[in-house]
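Heads up, the sequence shown is in my numbering, so the first residue is 18 and it goes up one at a time.
Possibly wrong hints are sitting among the right ones.
Cross-link-like lysine-lysine pairs, in silico, DSS-like; alpha carbons within 30 Å at most [said to hold, decoys possible]: (1) Lys86 x Lys183; (2) Lys183 x Lys113; (3) Lys86 x Lys127; (4) Lys81 x Lys113; (5) Lys43 x Lys31.
Using C-beta positions, here's what the derived DEER-type ranges look like [unchecked claim]: (6) Ser130 x Asp78: 25 to 31 Å; (7) Gln202 x Glu110: 16 to 22 Å; (8) Thr170 x Ser56: 32 to 38 Å; (9) Thr29 x Leu92: 23 to 29 Å.
FYI, nobody ran anything at the bench for these hints, they're computed from the structure. Small disclaimer: the values here were computed from a predicted structure and weren't measured. We put the CB at the ideal spot given by N, CA and C, even for glycine.
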Amino acid sequence: MVNAQSVEEPVTLKPGDQGADWSGLKSTDDKVISLSELSNFDVVIMCFTCNTCPYSVDYEDRLKALQEKIESEKLSAVLVAINSNAVRGDALEAMKRRAEEKGFRFAYVKDESQVVARAYGAIYTPEFYVLDKRRRIVYRGAMDDQTDAALVTKNYVELAVAAAMKGDFPADREIPARGCTIRYQRRRRP
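The whole structure should be built from the sequences, with the hints applied where relevant.
This is the structure:
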């Protein structure tokens, strides 16, 4: 019998922690991406998302708008959307179709082994992590203050990016994410 008190609690990285390194994630444009390859950017915005959660789908246009802002303002930042869900609708081929349909111009990668999501302690889709130049987590959580895009008054991710560009932390370092839970593969005990 397993003692419930001896079961390890999942790791959850928080603002101030060093971001976990990752590599070997396949993107929808058939590239393989690693965090270390993004060293020329001052800020990395990681968004755990998927094709099958209605909340994530609702945020797709906001992700596109964030990418457009990064490009138009020539920010030294990169947006990487990471799909860690273990369901058919979130397979790489389905992601490729979704990226093409929506015209994503940011990297959309598959975390097939779910090692990245587990390393960060990601729970929801969408859930954001903003990393500074030293790859310290400066923000974790929701993108903004409303699930309805028309009602947004505060974009936490944009504020975190602005703070990270200056080498600072934002006023709000962690805001609970809203969305669907990541569908992790179940691990069976031997």
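So, going through the hints one by one against the coordinates:
A C-alpha spacing of about 17 Å is found between Lys86 and Lys183, which places the hinted pair at or below 30 Å, so the restraint holds. A C-alpha spacing of about 35 Å is found between Lys183 and Lys113, which places the hinted pair above 30 Å, so the restraint is violated. For the given pair, Lys86 sits about 24 Å from Lys127 by alpha-carbon distance, which is consistent with the 30 Å threshold. Between Lys81 and Lys113 the CA atoms are separated by roughly 16 Å; this keeps the pair inside 30 Å, and the hint holds.
Note on Lys43 and Lys31: the hinted pairing holds, with a Cα-Cα distance of about 26 Å set against a maximum of 30 Å. Between Ser130 and Asp78, the C-beta spacing of about 29 Å keeps the proposed range 25 to 31 Å intact. Between Gln202 and Glu110 the Cβ separation comes to about 18 Å, which falls inside the hinted range of 16 to 22 Å. The given range of 32 to 38 Å is respected by Thr170 and Ser56, whose C-beta atoms sit roughly 34 Å from each other.
Our hint of 23 to 29 Å for Thr29 and Leu92 holds, since their Cβ atoms are close to 28 Å apart.
Checked against the numbered hints listed earlier, the structure breaks hint 2 alone; every other hint is satisfied.
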